[in-house]
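A.B. asks: Top to bottom, those sequences are chains L and B.
Here the numbering used here is used: the first residue of the first sequence is 1, the next is one more, and so on.
Here the numbering used here is used: the first residue of the second sequence is 1, the next is one more, and so on.
Mixed in with the good hints, there may be bad ones.
Claimed, not checked - Calculated pairs, DSS-like style, for lysine-lysine (alpha carbon to alpha carbon, straight line, at most 30 Å):
(1) L:LYS57 x L:LYS81
(2) L:LYS253 x L:LYS362
(3) L:LYS390 x B:LYS53
(4) B:LYS53 x B:LYS253
(5) L:LYS81 x L:LYS53
(6) L:LYS362 x B:LYS390
(7) B:LYS81 x B:LYS53
(8) B:LYS253 x B:LYS161
(9) L:LYS390 x B:LYS81
Just so you know, these hints were derived from the structure itself, not from any lab.
There are 2 protein chains.
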Amino acid sequence: MVPGFLAGAVASEMRYRNRTDLALIAAEPGTEVVAAGVFTRNRFAAAPVELCKERLKAQGIRAILANAGIANACTGEEGLKRAGEMTRIAAEALGIARGAVLVASTGVIGMQVAVEPVRRVMPDLVASLRPDGWEDAARAIMTTDTVPKMTVVSGVEIGGKRVTVGGIAKGSGMIAPNMATLLAFVCTDAAIEWEVLENWVRRCADESFNRITVDGDTSTNDTLLVLANGRAGNTLISDIESPGSIAFGEALKAVLLDLARRLVVDGEGATKLIEIDVTGAPDEGSAKAVAFTVANSPLVKTAFFGEDANWGRIVCAAGRAGVDFDPARVSLYFDNVCVFRNGGPLGGSDVEEAAAAVFRQKEISVRLDLGAGQCGYTAYTCDFSYDYVKINGSYRS
Amino acid sequence: MVPGFLAGAVASEMRYRNRTDLALIAAEPGTEVVAAGVFTRNRFAAAPVELCKERLKAQGIRAILANAGIANACTGEEGLKRAGEMTRIAAEALGIARGAVLVASTGVIGMQVAVEPVRRVMPDLVASLRPDGWEDAARAIMTTDTVPKMTVVSGVEIGGKRVTVGGIAKGSGMIAPNMATLLAFVCTDAAIEWEVLENWVRRCADESFNRITVDGDTSTNDTLLVLANGRAGNTLISDIESPGSIAFGEALKAVLLDLARRLVVDGEGATKLIEIDVTGAPDEGSAKAVAFTVANSPLVKTAFFGEDANWGRIVCAAGRAGVDFDPARVSLYFDNVCVFRNGGPLGGSDVEEAAAAVFRQKEISVRLDLGAGQCGYTAYTCDFSYDYVKINGSYRS
Chain L
1 MVPGFLAGAV ASEMRYRNRT DLALIAAEPG TEVVAAGVFT RNRFAAAPVE
51 LCKERLKAQG IRAILANAGI ANACTGEEGL KRAGEMTRIA AEALGIARGA
101 VLVASTGVIG MQVAVEPVRR VMPDLVASLR PDGWEDAARA IMTTDTVPKM
151 TVVSGVEIGG KRVTVGGIAK GSGMIAPNMA TLLAFVCTDA AIEWEVLENW
201 VRRCADESFN RITVDGDTST NDTLLVLANG RAGNTLISDI ESPGSIAFGE
251 ALKAVLLDLA RRLVVDGEGA TKLIEIDVTG APDEGSAKAV AFTVANSPLV
301 KTAFFGEDAN WGRIVCAAGR AGVDFDPARV SLYFDNVCVF RNGGPLGGSD
351 VEEAAAAVFR QKEISVRLDL GAGQCGYTAY TCDFSYDYVK INGSYRS
Chain B
1 MVPGFLAGAV ASEMRYRNRT DLALIAAEPG TEVVAAGVFT RNRFAAAPVE
51 LCKERLKAQG IRAILANAGI ANACTGEEGL KRAGEMTRIA AEALGIARGA
101 VLVASTGVIG MQVAVEPVRR VMPDLVASLR PDGWEDAARA IMTTDTVPKM
151 TVVSGVEIGG KRVTVGGIAK GSGMIAPNMA TLLAFVCTDA AIEWEVLENW
201 VRRCADESFN RITVDGDTST NDTLLVLANG RAGNTLISDI ESPGSIAFGE
251 ALKAVLLDLA RRLVVDGEGA TKLIEIDVTG APDEGSAKAV AFTVANSPLV
301 KTAFFGEDAN WGRIVCAAGR AGVDFDPARV SLYFDNVCVF RNGGPLGGSD
351 VEEAAAAVFR QKEISVRLDL GAGQCGYTAY TCDFSYDYVK INGSYRS
């Protein structure tokens with residue numbers, strides 16, 4: 001998928017049976033890799049998160065090892081030791097420094113990862129590495145996900161060379177059940193300075209993963225890692241404002257946003273993807289507060305599940321976001337159907353029928369104009385279904 | 001229920017069929033009444049809320065008229081006019097000033113209340129007024145509630161006299177569906193100065209209704225009204241710090257907290273009442289942020305529904321509340337069972353069995369000690385069930 005990177009997966013049976021649960025992504029020998037990441041801000045950050053943060057400071061990264069089933073979160077010193085041990089086993093098998101391996105885990109919180117299964121299957125895991133092993137890797141990191149998620153943008157022209165950006169992700173609930181959750185690994189063959197890459201990763205995460213919500217929860221393990229190997233041979237991107245840098249940033253954002261949308265679509269029990277587009281806000285922070293208050297409202301989300309074009313729940317959620325606006329200037333659209341204008345609903349059976357038709361779609365756009373300024377923010381969410389309750393009410397049993 | 005106050009109800013058929021939907025509470029002639037209220041902070045406050053706020057400034061209140069089925073929210077100038085018209089009809093029938101009547105509405109947002117049905121049944125409504133008409137009134141204001149809610153505390157000794165505080169409430173979702181929602185009307189025969197009453201109403205609302213959440217949504221119509229008629233003949237409570245005032249405040253808090261808990265227990269689809277008790281916080285604001293982040297987490301609430309003693313979801317919700325604490329000092333108890341200490345779970349099948357037994361109860365206490373200070377906060381919530389999705393996914397149809 002991305003020149004110079006290999007991926008593979010095996011079954012360690014650390015917790016799951018009859019499925020792969022261990023993925024490896026590795027740079028081919030002889031390439032220089034720069035790496036950047038963004039991580040959960042949860043106070044209970046998992047051991048692999050702590051370890052990645054440390055190793056990214058030193059750079060020299062060559063590989064990512066990830067397991068599904070056990071999150072290695074709330075596991076104390078022993079958890080940190082085991083995370084390090086996992087990377088040591090991979091590093092030895094790959095013939096690289098231990099500090100060159102990053103690690104990520106997803107699964108049940110409070111349980112220690114088992115190191116022995118990792119040691120036992122590592123030769124097979126390394127043997128499984130191949131240029132087109134990405135789907136296997138995407139499948140191995142799934143937990144309550146129902147489909148593997150991968151995406152790639154290729155042919156991005158940077159200084160006359162063609163660059164590729166591609167990656168995999170897993171998600172579901174934004175901390176699923178007891179599941180510690182969002183993992184995304186993206187690789188590119190662009191030649192880019194570390195500081196510029198880090199800057200783009202932060203910016204693009206803000207415009208993709210940080211805009212989605214399944215249930216408002218964030219996990220102990222949320223991890224986005226981006227590796228760049230320079231194999232495309234483009235002139236090194238060292239100025240973030242340069243045309244090549246902008247082109248790279250757009251490609252990275254496209255990949256992250258596509259992965260983020262796939263996560264929402266595959267949200268636990270989700271049947272619809274909903275874009276919440278707040279405009280006319282006095283500032284971006286206000287727009288964001290309104291967008292997420294609407295996107296996380298259980299009443300709004302159950303209305304989408306029920307295909308009930310219920311403008312009342314949306315404006316009421318907006319009204320409690322703590323943002324100052326004049327209700328009499330607020331308008332609301334479902335796709336292009338205006339259902340609420342200047343503080344009151346637009347009546348008529350034609351409006352209701354058009355709105356009902358929009359709500360039967362799989363993807364719905366909600367635009368809420370506050371009439372209070374020039375700023376906006378877009379968030380993505382899914383509906384709340386019986387299956388959400390079912391998946392999360394009975395996960396551990 | 002409360003000496004000097006009468007209550008009654010009738011069916012107006014404004015929207016519902018075959019049930020009462022219009023309630024009236026009135027002070028007997030010849031008593032002086034002081035009144036205070038607290039209201040939704042939603043930007044889309046309904047017309048009756050605006051009207052009550054105005055009339056409370058002038059005082060001289062004698063009655064409360066309330067309807068269920070139509071919320072008179074997002075209805076513009078016409079809505080305000082109709083709310084005023086409702087009070088005029090009641091005032092004429094009671095032979096009092098129009099400004100002496102407060103009004104509250106609950107039901108569908110964006111629909112105008114129908115005035116003619118109110119006019120038609122007003123003679124019957126006034127005729128229905130009686131000292132023991134409170135349960136009828138409580139039943140008439142129900143929407144998705146499954147039981148009427150009323151409570152009374154009597155025999156409170158204030159300066160040698162016995163005082164009564166009692167009232168009714170309706171709730172369900174904390175804005176139910178498209179339902180604009182929490183109404184509570186409380187009366188007392190205490191003699192109390194208006195400023196002192198207002199102060200107690202605000203304080204006690206903060207320690208009761210403002211501590212409960214069903215789904216985190218707040219409504220366009222949330223209204224708490226408290227009327228005091230002085231009929232008990234106690235020395236006028238004019239100093240908030242006096243023993244009589246403190247006794248009154250405790251009684252009012254007991255009534256509001258009991259009504260609030262009844263609202264949670266009857267939350268849409270709720271099967272359990274959960275008390276979230278955060279201790280060891282650096283300040284009350286931090287404790288409150290953690291308590292409500294946990295209380296509103298869909299993952300936490302579905303775990304309670306599934307009777308899954310899932311400490312992971314609770315500590316993770318706490319970890320994303322934006323409060324600074326050291327995970328290694330956090331402890332978590334389900335009733336008296338410690339399941340998490342110093343940042344890690346307590347293993348052992350005895351702990352798991354004891355925790356599982358707590359989760360099978362109808363009322364569960366969760367205590368989360370952050371180990372970061374001396375402050376605390378208690379919130380009340382319910383679980384998230386299939387029925388929540390069912391009720392809210394198909395309300396309008």
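A.B. asks: Please go over all the hints and tell whether each is borne out by the structure.
C.D. replies: Here is how each hint holds up against the structure:
1. With a C-alpha separation of about 19 Å, the suggested pairing of L:LYS57 with L:LYS81 holds against the 30 Å cut-off.
2. Taking the CA atoms of L:LYS253 and L:LYS362, the gap is near 23 Å; set against the 30 Å cutoff, the hint holds.
3. Using a Cα cut-off of 30 Å, the hinted pair L:LYS390 and B:LYS53 is violated, with the two alpha carbons roughly 43 Å apart.
4. As the CA atoms of B:LYS53 and B:LYS253 are separated by approximately 22 Å, the hinted pair is consistent with the 30 Å bound.
5. With a C-alpha separation of about 15 Å, the suggested pairing of L:LYS81 with L:LYS53 holds against the 30 Å cut-off.
6. Simply put, L:LYS362 and B:LYS390 have alpha-carbon atoms about 20 Å apart, close enough for the 30 Å limit, and the pair holds.
7. A distance of roughly 15 Å separates the Cα atoms of B:LYS81 and B:LYS53; the hinted pair therefore holds under the 30 Å criterion.
8. Restraint check for B:LYS253 and B:LYS161: satisfied, since their Cα atoms lie roughly 19 Å apart, inside the 30 Å limit.
9. Between L:LYS390 and B:LYS81 the CA atoms are separated by roughly 46 Å; this puts the pair beyond 30 Å, and the hint is violated.
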